[in-house]
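Taken in sequence, the protein lines are chains R and F. Quick note: the first sequence uses our numbering, first residue 1, plus one each step. Quick note: the second sequence uses our numbering, first residue 1001, plus one each step.
None of these hints come from the bench; they were simulated from the model. It should be emphasised that the depicted structure is a prediction, and the values quoted were computed from it without experimental measurement. For every residue, glycine included, the Cβ atom is placed at its ideal position computed from N, Cα and C. Take the hints with a grain of salt, since some may be wrong.
What the hints assert, rightly or not - Looking from chain F toward chain R, a few residues come up when the C-beta cut is under 10 Å (computed):
| no. | residue |
| --- | --- |
| 1 | 1011 |
| 2 | 1238 |
| 3 | 1251 |
| 4 | 1252 |
What the hints assert, rightly or not - Among chain R residues calculated to face chain F with C-beta under 10 Å, some are:
| no. | residue |
| --- | --- |
| 5 | 1 |
| 6 | 2 |
| 7 | 56 |
| 8 | 60 |
| 9 | 75 |
| 10 | 81 |
| 11 | 89 |
| 12 | 101 |
| 13 | 118 |
| 14 | 122 |
| 15 | 123 |
| 16 | 128 |
| 17 | 129 |
| 18 | 144 |
| 19 | 147 |
| 20 | 252 |
Claimed, not checked - The following residues of chain F were derived to be distant from chain R, with all beta-carbon distances above 12 Å:
| no. | residue |
| --- | --- |
| 21 | 1010 |
| 22 | 1019 |
| 23 | 1044 |
| 24 | 1048 |
| 25 | 1059 |
| 26 | 1087 |
| 27 | 1124 |
| 28 | 1128 |
| 29 | 1186 |
| 30 | 1189 |
| 31 | 1219 |
Number of protein chains: 2
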Amino acid sequence: MPRLKLTLAYDGTDFCGWQLQRGSSQRTVQQALERALGEICARPVRVHGAGRTDSGVHALGQVAHCDVPASRAEVPWVRALGARLPADVSVLAAETVDEDFHARLSALGKTYTYSLWPEGRYHIPQRRNFAWATGPLDEAAMDAAALHMTGTRDFRCFQNAGTPVRSTVRTVAAVVRGPGVFPGETDWRFCADGFLKQMVRNMVGLLVAVGQGRFRPDDVEAIIAGRERAVAFATAPARGLCLTRVHYDPPWP
Amino acid sequence: MPRLKLTLAYDGTDFCGWQLQRGSSQRTVQQALERALGEICARPVRVHGAGRTDSGVHALGQVAHCDVPASRAEVPWVRALGARLPADVSVLAAETVDEDFHARLSALGKTYTYSLWPEGRYHIPQRRNFAWATGPLDEAAMDAAALHMTGTRDFRCFQNAGTPVRSTVRTVAAVVRGPGVFPGETDWRFCADGFLKQMVRNMVGLLVAVGQGRFRPDDVEAIIAGRERAVAFATAPARGLCLTRVHYDPPWP
């Protein structure tokens, strides 16, 4: 059976995240994709995603793989799935890959982007589901704080309760601020070999707390070293977060 | 009574346009704004907008004026209205202006932006309400066609049925293509002293028809000179259109 690698974009606003919720009527991206693939293949198709994005989190470069019947080898997947998927999911690319390719296990790392709107008095309605309106932030302090967030470290302090994992050590290659795609926004980019549950949203929560003067940049070092989920900073809202890329090709990071 | 000038942004997706629909339950931006102003002023407030955007059309720089009771002169309007308006409208700025200022009559011109997504196989879900996915376009041909659309001319060919107007002559200062704010999109900017009903959407419809090879750039000259609404090109969908600025200060255009 040919193995397909699919690159996906979705507006996460109306999805309860990526992962299929068994026995639930909640709408998920995996469910939408499996339904469309099942229609084309005339049999159930299981899809494996690279990252389990939370409810409300978006993607511009999620990757998934699945095995399809040999009889469907010639299907123009991008168009065929596009015709069957709801308007808030798109397949950007589809390619046949080796059968040892696995969307999650073959990934060397991922890049997420988080968009902040640092204007306190109003928000831009067109961006209300895609950025976090925080009010004014001290960006120099945030840049200094971000320097403490890279390296190979135990990032347990940024993990929310949930899926148990063997190790909470991750290698974060970059936490970098840049101008937002949308004028006036600031985009933070996070690159790592992997992320713990809600890790990026907790990192953003702490960065914003620093930007608001509630922590000093140097406090970040102690918070990470403390290996406890500090309650003093909030988990950033899902809506500002986007899975922008999954990296498969070395050298990475 | 102090006169207020309000600068507004809205996501037009779920609005039946700007204008209050008398005796209708349809949701409009003017209605939302008058309701919020009425709550703050404890009396009915009539709002006058610079442009009557259609259903589904967005704004990042719509302007409106209204008269408020002197007792409300010190209200922090941006925050007070922001707290009462639905999430798909925002007040970006509020200032007290001379009583002879009129949002529509004082305007020297307007700028609209239209976003095109020239990829035929898929769309970006996050942009589905903000750009028109047309498929591949010959942009050089569109640039040549756009040159015929400027100047002081009778633009009746771009007017859809509707509000009768005294004159269909307008001065179009610019029809210019540029890179989109969002990667991969193309933004067309239209500047004029005024626009006829659905004029920008019809100009975009014709530009796209040229880009798809259904008209030659030089045909545009004859279409405008013919002063008839040609049926051979479509009115572009509302979703790609945004009222980006209303110009009050000379020299303009």
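**OP:** Go through the numbered hints given earlier and state which of them the structure violates, listing their numbers in rising order.
**Re:** Hint check: 2, 3, 4, 5, 6, 7, 9, 12, 13, 18, 19, 20, 21, 25, 26, 27 and 28 fail, others pass.
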